[in-house]
Amino acid sequence: MDSSGEDINDMVKKDDAPKGPSGQKETSTADMLRIKQQMSNQCFEMEVHLNAGKNRRSCSTSEAERDYSDHISELERVKTLRFNQTLALHRMQMWHAMEEKIKTNDPEADALRAVNQRCMALCCRIKQIQQETRLLQDEITELQKKRLEMKRLTHEKMKEMEDLMSRKEHPDTEKYKAALEKGQTNLEKYKKMSIMAQNVLRGLLLACKINWLDDPKLRHVAMTLEEFPITD
Amino acid sequence: MSRLNPFAKLPGLNTASVLLVESEEHFQQSLAEALVEETSVTVNVRLAKSFPLPIENDESRPRIDLVVFIINLTSELSFQSAEASLKYLEPGYFLGKVCFMVTNARSSSVPAERLDAVRRLAASLHCPLLFAEEQTPQGVTNAAERLLTILKAAAGFVPFTTPLYLSNLTRCTLPPDIDQPSFD
Numbered sequence: 008m009d010s011s012g013e014d015i016n017d018m019v020k021k022d023d024a025p026k027g028p029s030g031q032k033e034t035s036t037a038d039m040l041r042i043k044q045q046m047s048n049q050c051f052e053m054e055v056h057l058n059a060g061k062n063r064r065s066c067s068t069s070e071a072e073r074d075y076s077d078h079i080s081e082l083e084r085v086k087t088l089r090f091n092q093t094l095a096l097h098r099m100q101m102w103h104a105m106e107e108k109i110k111t112n113d114p115e116a117d118a119l120r121a122v123n124q125r126c127m128a129l130c131c132r133i134k135q136i137q138q139e140t141r142l143l144q145d146e147i148t149e150l151q152k153k154r155l156e157m158k159r160l161t162h163e164k165m166k167e168m169e170d171l172m173s174r175k176e177h178p179d180t181e182k183y184k185a186a187l188e189k190g191q192t193n194l195e196k197y198k199k200m201s202i203m204a205q206n207v208l209r210g211l212l213l214a215c216k217i218n219w220l221d222d223p224k225l226r227h228v229a230m231t232l233e234e235f236p237i238t239d
Numbered sequence: 101m102s103r104l105n106p107f108a109k110l111p112g113l114n115t116a117s118v119l120l121v122e123s124e125e126h127f128q129q130s131l132a133e134a135l136v137e138e139t140s141v142t143v144n145v146r147l148a149k150s151f152p153l154p155i156e157n158d159e160s161r162p163r164i165d166l167v168v169f170i171i172n173l174t175s176e177l178s179f180q181s182a183e184a185s186l187k188y189l190e191p192g193y194f195l196g197k198v199c200f201m202v203t204n205a206r207s208s209s210v211p212a213e214r215l216d217a218v219r220r221l222a223a224s225l226h227c228p229l230l231f232a233e234e235q236t237p238q239g240v241t242n243a244a245e246r247l248l249t250i251l252k253a254a255a256g257f258v259p260f261t262t263p264l265y266l267s268n269l270t271r272c273t274l275p276p277d278i279d280q281p282s283f284d
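The listed protein sequences derive, respectively, from chains A and B.
Note that my numbering has the first sequence beginning at 8, numbered continuously upward.
Note that my numbering has the second sequence beginning at 101, numbered continuously upward.
It should be emphasised that the hints constitute simulated quantities derived from the structure, not laboratory data.
Cβ-to-Cβ under 8 Å is the rule here; a few derived chain A residues that face chain B:
1) Ile42
2) Gln44
3) Gln45
4) Asn48
5) Gln49
6) Phe51
7) Glu52
8) Met53
9) His56
10) Ile79
For every residue, glycine included, the Cβ atom is placed at its ideal position computed from N, Cα and C.
When you get a sec, could you build the whole thing from the sequences and use the hints?
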């Protein structure tokens with residue numbers, strides 16, 4: 008019988024739930040609903056198992072894996088759809104219940120109405136503040152636009168200025184260059200003439216041994232002879 | 101060779117039955133005690149060392165909703181015994197009514213290949229793989245809690261969920277680099 012040594016099949020169980028006076032376990036309505044749901048779940052499983060062999064077709068494992076993940080995602084999609092729809096339904100039911108409640112005149116309805124009023128007041132305030140925010144935001148955008156415009160204008164003006172400054176030097180220098188050169192040549196000519204005259208005067212003074220120290224006028228002229236360098 | 105059939109008996113009202121299979125019979129006891137603490141549902145815990153189960157208990161045994169294989173990673177025998185027991189289960193069990201629980205995964209004496217082998221086994225069977233810490237009472241409680249979640253779904257206590265659906269969400273998957281050498 009036992010081919011693999013000691014196979015124990017022990018049982019661990021704790022005491023049953025507290026029993027009522029008649030010795031039966033007390034089950035409430037909620038418990039019964041739960042048990043009913045458990046049983047329907049089990050039946051569903053068994054049904055699935057029974058129907059499992061019906062749509063049989065042969066395919067490779069990879070194809071089966073792919074189909075499997077497709078089926079799973081489809082299942083997920085349907086489940087979420089159903090869940091969302093149930094939520095929406097619950098929401099509608101709640102609103103309906105609240106409406107009905109408010110129409111009656113219980114103290115609870117009064118509390119509900121007070122909460123409602125507060126909610127509405129807060130919503131109005133929120134709307135107001137949102138409008139103010141929007142206005143302020145518009146103003147800010149306007150200011151930013153103006154600032155950008157200013158920046159652009161400044162930029163343009165700076166560029167113009169730079170252009171002008173770089174252009175100004177040329178026309179002036181063009182015009183006066185010719186005159187400048189002519190003046191330079193004149194200067195050179197007169198310089199040479201004065202140097203020659205001075206040399207001649209110096210030679211005269213030395214050759215004739217004129218006493219230029221006593222005569223103030225002659226002395227003044229002789230002193231100025233030293234300013235220009237003696238050229239050959 | 102008699103196999104364990106998931107649908108051979110009627111389900112129990114407001115009860116869930118779990119079978120803990122462990123070849124060392126070490127962790128079973130404490131886990132079982134933690135499992136029966138559950139109050140909303142009557143949890144029936146049955147312990148076994150390995151398959152095949154003794155025939156004399158066949159009559160008294162209730163319908164098993166979940167079979168848990170407890171594998172101790174520090175012993176190779178544990179893994180082999182669990183593997184050998186698999187063929188005594190009807191294929192209907194592998195659609196969400198089987199779970200693998202691994203202990204001592206953090207121990208340094210465990211070769212990495214054993215955990216990989218367990219992972220491969222769980223992934224090929226599309227079963228969830230749980231890791232449990234058996235040394236501390238907190239670890240036992242945690243393991244019991246997680247097992248209870250799966251057990252409740254397997255016994256039909258969770259509305260709109262079948263164990264097959266849950267196993268699709270919780271099944272063990274192989275990391276893509278399982279064939280590459282690990283850090284140590």
